[in-house]
Amino acid sequence: MLAVDWLKEGDSLYSQGRYAEAVRAYDEALRLDPEDARAWSNKAAALAGMGKYIEAIRACDESIRLDPELALAWNNRGFALRNLGRLLEAIQAYDEALCINPGYVRAWYNKGNALEALGKRSEASAAYARAKELKLSE
1 MLAVDWLKEG DSLYSQGRYA EAVRAYDEAL RLDPEDARAW SNKAAALAGM
51 GKYIEAIRAC DESIRLDPEL ALAWNNRGFA LRNLGRLLEA IQAYDEALCI
101 NPGYVRAWYN KGNALEALGK RSEASAAYAR AKELKLSE
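So that you can map any letter, position 76 of the sequence shown is 76 in my numbering, and since no number is skipped, the others follow by simple counting.
Among the hints, erroneous ones may be present.
Below 27 Å or equal to it, Euclidean Cα-Cα: the simulated BS3-like pairs (lysine-lysine) are [to be verified]: (1) K135 with K120; (2) K8 with K135; (3) K52 with K8.
Have a look at the derived ranges for each label pair, beta carbon to beta carbon [as the list claims (entries may be wrong)]: (4) M1 with S122: 47 to 55 Å; (5) K120 with N83: 13 to 21 Å; (6) L88 with D5: 33 to 41 Å; (7) K8 with R121: 23 to 31 Å; (8) S15 with R65: 24 to 32 Å; (9) A20 with S122: 38 to 46 Å; (10) R18 with E138: 38 to 46 Å; (11) G51 with K8: 19 to 27 Å.
Hint data in this document are derived by calculation from the structure and do not stem from the laboratory.
All C-beta atoms in this analysis are idealised placements derived from N, C-alpha and C, irrespective of residue type, glycine included.
Work out the full structure: start from the sequences and follow the hints.
Structure, rendered in structure tokens:
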């Protein structure tokens, strides 16, 4: 199989919640194409799904090194950081994602979650409202 085939396989497994198998598929994709930023980012999401947040951050960092404009990688990095309780860093990562793609609904929602966890309810409400507004316009 080609790297793109392994990436698709990983995405399918991820969507089924089969995170460990998805990681293995992404690893195969990366063995064939170690410069694939999306494969690194998707691997990070699967690792986060397994609760392996430190490993997820490392995978995001590699994805961002390869493609600093991949908003998905910044969002995934923020998700892992938030789950480690590193809320300010998470918000910075979400802000990076939103600078790249201001219409990124999931990043707005995730930023709202991090702000809410910090007790910044009005800012969280604004982020949630933006996510909802964007979702309705899709």
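Now the hints, each set against the structure:
With a C-alpha separation of about 22 Å, the suggested pair K135 and K120 falls inside the 27 Å cut-off, and the hint holds. For a cut-off of 27 Å, the pair hint linking K8 to K135 stands: about 25 Å separates their Cα positions. At most 27 Å may separate the alpha-carbon atoms for a hinted pair to count; K52 and K8 meet this at roughly 22 Å. Taking 47 to 55 Å as the suggested C-beta distance range, the pair M1 and S122 conforms, at roughly 50 Å.
Between K120 and N83 the Cβ separation comes to about 18 Å, which falls inside the hinted range of 13 to 21 Å. About 39 Å separates the C-beta atoms of L88 and D5, a value consistent with the hinted range of 33 to 41 Å. A hinted range of 23 to 31 Å for the beta carbons of K8 and R121 is inconsistent with their spacing of about 41 Å. Checked against the hint of 24 to 32 Å, the C-beta distance between S15 and R65 comes to roughly 26 Å, which is consistent with it.
Our hint of 38 to 46 Å for A20 and S122 holds, since their Cβ atoms are close to 40 Å apart. At roughly 28 Å, the beta carbons of R18 and E138 sit outside the given window of 38 to 46 Å. At roughly 25 Å, the beta carbons of G51 and K8 sit within the given window of 19 to 27 Å.
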